[in-house]
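*Asks:* If you want the building blocks of each chain, they are given just below.
Protein chains: 2
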Amino acid sequence: MSVTSTNPVSGAQRVLDIAEATDADVLAVTELARSVVADYSRRPLEWRAEMLRAMADELEGDAESLVATAAEETALPLARLQGELRRTAFQLRFFADVVTDGAFLGASIDHATDSPMGPLPDLRRMRVPLGVVAVFGSSNFPFAFSVPGGDTASALAAGCPVVVKAHPAHPATSAATFAALERGARRCDAPEGTLSLVFGFDAGVALVEAPAVSAASFTGSVRAGRALWERANARTVPIPFYGELGAANPLVVTRAAALERGVEIGGGLAGSMTLGAGQFCTKPGLFFVPTGAGGDALVATAVSALDDLDGFTMLSAGIAENYRVATRSISTVEGVRALVHSALGHAAQTSAQLFEVDAVTFGAPGAGTLREECFGPLALVVRYASEEELVTALETSEPALTFSLFATVNDPDAPSLLDVGSRHAGRVIVNGFPTGVGVSWSMQHGGPWPSTTSSATTSVGAAAIERWLRPVAYQTVPDDLLPDALRESNPLDIPRRVDGQLQV
Amino acid sequence: MSVTSTNPVSGAQRVLDIAEATDADVLAVTELARSVVADYSRRPLEWRAEMLRAMADELEGDAESLVATAAEETALPLARLQGELRRTAFQLRFFADVVTDGAFLGASIDHATDSPMGPLPDLRRMRVPLGVVAVFGSSNFPFAFSVPGGDTASALAAGCPVVVKAHPAHPATSAATFAALERGARRCDAPEGTLSLVFGFDAGVALVEAPAVSAASFTGSVRAGRALWERANARTVPIPFYGELGAANPLVVTRAAALERGVEIGGGLAGSMTLGAGQFCTKPGLFFVPTGAGGDALVATAVSALDDLDGFTMLSAGIAENYRVATRSISTVEGVRALVHSALGHAAQTSAQLFEVDAVTFGAPGAGTLREECFGPLALVVRYASEEELVTALETSEPALTFSLFATVNDPDAPSLLDVGSRHAGRVIVNGFPTGVGVSWSMQHGGPWPSTTSSATTSVGAAAIERWLRPVAYQTVPDDLLPDALRESNPLDIPRRVDGQLQV
Numbered sequence: 007m008s009v010t011s012t013n014p015v016s017g018a019q020r021v022l023d024i025a026e027a028t029d030a031d032v033l034a035v036t037e038l039a040r041s042v043v044a045d046y047s048r049r050p051l052e053w054r055a056e057m058l059r060a061m062a063d064e065l066e067g068d069a070e071s072l073v074a075t076a077a078e079e080t081a082l083p084l085a086r087l088q089g090e091l092r093r094t095a096f097q098l099r100f101f102a103d104v105v106t107d108g109a110f111l112g113a114s115i116d117h118a119t120d121s122p123m124g125p126l127p128d129l130r131r132m133r134v135p136l137g138v139v140a141v142f143g144s145s146n147f148p149f150a151f152s153v154p155g156g157d158t159a160s161a162l163a164a165g166c167p168v169v170v171k172a173h174p175a176h177p178a179t180s181a182a183t184f185a186a187l188e189r190g191a192r193r194c195d196a197p198e199g200t201l202s203l204v205f206g207f208d209a210g211v212a213l214v215e216a217p218a219v220s221a222a223s224f225t226g227s228v229r230a231g232r233a234l235w236e237r238a239n240a241r242t243v244p245i246p247f248y249g250e251l252g253a254a255n256p257l258v259v260t261r262a263a264a265l266e267r268g269v270e271i272g273g274g275l276a277g278s279m280t281l282g283a284g285q286f287c288t289k290p291g292l293f294f295v296p297t298g299a300g301g302d303a304l305v306a307t308a309v310s311a312l313d314d315l316d317g318f319t320m321l322s323a324g325i326a327e328n329y330r331v332a333t334r335s336i337s338t339v340e341g342v343r344a345l346v347h348s349a350l351g352h353a354a355q356t357s358a359q360l361f362e363v364d365a366v367t368f369g370a371p372g373a374g375t376l377r378e379e380c381f382g383p384l385a386l387v388v389r390y391a392s393e394e395e396l397v398t399a400l401e402t403s404e405p406a407l408t409f410s411l412f413a414t415v416n417d418p419d420a421p422s423l424l425d426v427g428s429r430h431a432g433r434v435i436v437n438g439f440p441t442g443v444g445v446s447w448s449m450q451h452g453g454p455w456p457s458t459t460s461s462a463t464t465s466v467g468a469a470a471i472e473r474w475l476r477p478v479a480y481q482t483v484p485d486d487l488l489p490d491a492l493r494e495s496n497p498l499d500i501p502r503r504v505d506g507q508l509q510v
Numbered sequence: 007m008s009v010t011s012t013n014p015v016s017g018a019q020r021v022l023d024i025a026e027a028t029d030a031d032v033l034a035v036t037e038l039a040r041s042v043v044a045d046y047s048r049r050p051l052e053w054r055a056e057m058l059r060a061m062a063d064e065l066e067g068d069a070e071s072l073v074a075t076a077a078e079e080t081a082l083p084l085a086r087l088q089g090e091l092r093r094t095a096f097q098l099r100f101f102a103d104v105v106t107d108g109a110f111l112g113a114s115i116d117h118a119t120d121s122p123m124g125p126l127p128d129l130r131r132m133r134v135p136l137g138v139v140a141v142f143g144s145s146n147f148p149f150a151f152s153v154p155g156g157d158t159a160s161a162l163a164a165g166c167p168v169v170v171k172a173h174p175a176h177p178a179t180s181a182a183t184f185a186a187l188e189r190g191a192r193r194c195d196a197p198e199g200t201l202s203l204v205f206g207f208d209a210g211v212a213l214v215e216a217p218a219v220s221a222a223s224f225t226g227s228v229r230a231g232r233a234l235w236e237r238a239n240a241r242t243v244p245i246p247f248y249g250e251l252g253a254a255n256p257l258v259v260t261r262a263a264a265l266e267r268g269v270e271i272g273g274g275l276a277g278s279m280t281l282g283a284g285q286f287c288t289k290p291g292l293f294f295v296p297t298g299a300g301g302d303a304l305v306a307t308a309v310s311a312l313d314d315l316d317g318f319t320m321l322s323a324g325i326a327e328n329y330r331v332a333t334r335s336i337s338t339v340e341g342v343r344a345l346v347h348s349a350l351g352h353a354a355q356t357s358a359q360l361f362e363v364d365a366v367t368f369g370a371p372g373a374g375t376l377r378e379e380c381f382g383p384l385a386l387v388v389r390y391a392s393e394e395e396l397v398t399a400l401e402t403s404e405p406a407l408t409f410s411l412f413a414t415v416n417d418p419d420a421p422s423l424l425d426v427g428s429r430h431a432g433r434v435i436v437n438g439f440p441t442g443v444g445v446s447w448s449m450q451h452g453g454p455w456p457s458t459t460s461s462a463t464t465s466v467g468a469a470a471i472e473r474w475l476r477p478v479a480y481q482t483v484p485d486d487l488l489p490d491a492l493r494e495s496n497p498l499d500i501p502r503r504v505d506g507q508l509q510v
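Protein chains in written order, with my numbering: chain A, 7 to 510; chain B, 7 to 510.
Since the hints were made in silico from the structure, they are not lab data. All values reported here derive from a predicted model rather than from experimental measurement. Note that the Cβ used here is the ideal one computed from N, Cα and C, for glycine as well. Possibly wrong hints are sitting among the right ones.
As the list claims (entries may be wrong) - Covered, in the sense of this in silico footprint (three residues per stretch, anywhere, with C-beta under 8 Å from a C-beta of chain B), are these stretches of chain A: (1) 127 to 135; (2) 450 to 460.
What the hints assert, rightly or not - Simulated restraints on C-beta separations: (3) A:SER71 to B:PRO371: 50 to 60 Å; (4) A:GLU340 to B:ASP29: 32 to 42 Å; (5) A:GLU340 to B:CYS194: 44 to 54 Å.
Full structure from sequences and hints, please.
*Replies:* Structure, rendered in structure tokens:
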């Protein structure tokens, strides 16, 4: 079957000269990838870094065309897509730096010694690549979390060949970005099969089940992510499956902060929840706002800002339809009040929605719908009358990717709320919005279940590379048979732990 | 139901004054543990280290009695148990050092900066404890991998309260070691509920399913481990389950090494496979030996050494019975020859067994039984006629915890065999036996599926602590609200990455 590209604004479709992959295709592609594991993973770190940089160059070289293609398929504004492409190129170069830094190898050397357990032999440990990695592109970031995104970059950086499953919402963009990455790989003489791309729903299932695949990553809905995670676990040889499944990210405004600058925060909220038409996994979805004057002003400002907005074109008609279904489902929960009254639209068109509920109703057993993520420009204001009500409601919320706290200087409520936040989320923000996810050494993009399938990992930032590695210890292995990272002379010049002491 | 302690030598049983935990008991114990998460995890690192050291002291202070109790329940020799207790105390002190070293926190600070993605806010990342950890004691190391073992030590070191499920093969030892650890905890005023112990098969199941439990570890059989792993995944909120499930660890002798010192290696093999009656998860179970004179001499020496051995008392009659069943099952595979002819014994008594098969038969589809772990003093010699036959047979073997290679200096076969080994195991040994697992910074005890459920982790050595932590990033959080590990002045004096640079 041929792959179709749809313009969400017009609904126009065009058939691409690309076929969906059959099971046999997926098998062939993944076996090809496996056949180059040895060659690819053994290339010098410096070479690997160069290839990532070449890929970044090729993306930037083709920026104008890539952005135009993506704009047509996603309805995202040009400026946003240009920025996202810059970020994606930056991300590839950042992982090149992570590779040459070398700390990701976790090299550790214990020379032979005596111990209370008796003599201990020479033992050296480092991380090695897992093998072929399957990457599922996401819908909402056609560059940064799709074919050329962080999962691909971090897996290639780790020394793993990658097979990407393209997201159906932007197939032409997927093919074009893949072509750019491939040009970069070819410029560096990477082995054929280092990076591949497949299309089609069934191909995704086949990919998770392919014997040659050693690990997988996914960014998307809880339902699809859990289904694939279950398949990964049900394999004869289960594989790690890193699902980043989104969340109804809570944002808390303390009583003092609402009084001090409720209007300012309310305006910011409206902006953050509608950024990218709310199609961010870090979109704040739950606003915990105090009752009383400060909170009222905050909510009024948010409502007024949302009322002023035009409608949105979502990434696809399917995503818009899911959004409408979720919106209706929230609006029918008893005790929920709609604060804006825009038409829900049709096809890919829709509008921002804001609802309000009191904290006690929010935490009630029957109100589970309110605590789930709604993908799109919708948020729920939860009004609390006391800190106790607030904390109870927060403890009822599902763990999330982020937790944002708006507080004043020396706010008496801040320490306990930050504590709740760090227990329930992977990233905690004070006086800021969660919707920007920078690529850096300290980023954490992943939180407790259900926001991610593995809370120990991140899909953005330097540590994302750790998902694609496993440690191996080498005991009494002669120096000339050791991997370079563990040889006595440290030929790679990387940070290592030697006899328990970190050496930079 | 009361817990019974059995002496495997005599078969004598005594009823202990301990009741198996009901589901309600497990719920209560785990909820108590959860109630102290905040208190326990926030104690200073130095305090946590002191508590681990106090536990080590208490174990050593009670050594004579603990060893006597364990000897009665396990039939393991006194010298072995004394050594194991020393190792267990050393392990607790080692994790105290890991705690004060502080690198396990993975602290990283990115100050606010500009980037090609635009301005990036101040962002700081560290690892935080997961919560309550469930630990399943194993049968074969009543100290080092049981109540006071590495899983308990590493989880307490990470800042997680622990609930241990005692192994039924040594309940009195479990109770006595628990009492010693509890004395240590009490001496340091640890919160009540920091460490608990439950008994009973059903209690183990209830433990993995208890809502208050955030992670679990297990050392034991593939069957039991997989069943618990599946339950951990089937929870409403799945939890990480770290199963160390054993393996038929391959040991390869190159043609050159067999010619050079076949007799010496053959004697060593017999010793390694029967250490602790073969009840080690690192027991070498598959000996890949060349055909021809060198290999023949090696095998003859091993057979003669095994023939000279007395029988063994296994840890329990049940383990001995499983061993007999596995032995019979191996002996009936077509093409398999028995090399020693000792009686298989009855109750907990049995004897060492060595079988031989050619490499082609070993790799055949119908011979899967030969590639599985047999827990006990049994090994299978796989004779290969060429390096090609050897590599094919090795690729057919299941991934394992260890891979041992006996080679000569400048052995032409060594590099390719080490490569196979590092792909198929978590620890690779040259010219040594795999049965010693030292506690150190570089140890890796864990390999690809099915030897462990997560190849990215280890259950022995410093990195074992990583299983009980997850990262949290703090964005624009004022210094006085940050955890100590991330404050600008580095009050804990720990290694950190600052703006991308490692600082020791």
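*Asks:* None of the hints should be skipped; say for each whether it holds.
*Replies:* Going down the list of hints, with the structure as the test:
Look at the stretch 127 to 135 of chain A against chain B: 5 of its residues bring a Cβ nearer than 8 Å to a Cβ of that chain, three or more, so the hint holds. Residues of the stretch 450 to 460 of chain A with a Cβ under 8 Å from some Cβ of chain B number 7, which satisfies the need for three, so the listed coverage holds. For SER71 (chain A) paired with PRO371 (chain B), a C-beta distance near 51 Å keeps the hint of 50 to 60 Å intact. In this structure, GLU340 (chain A) and ASP29 (chain B) meet the distance hint of 32 to 42 Å, their C-beta atoms being roughly 35 Å apart.
Hint check: GLU340 (chain A) to CYS194 (chain B), Cβ distance near 51 Å, so the stated range 44 to 54 Å holds.
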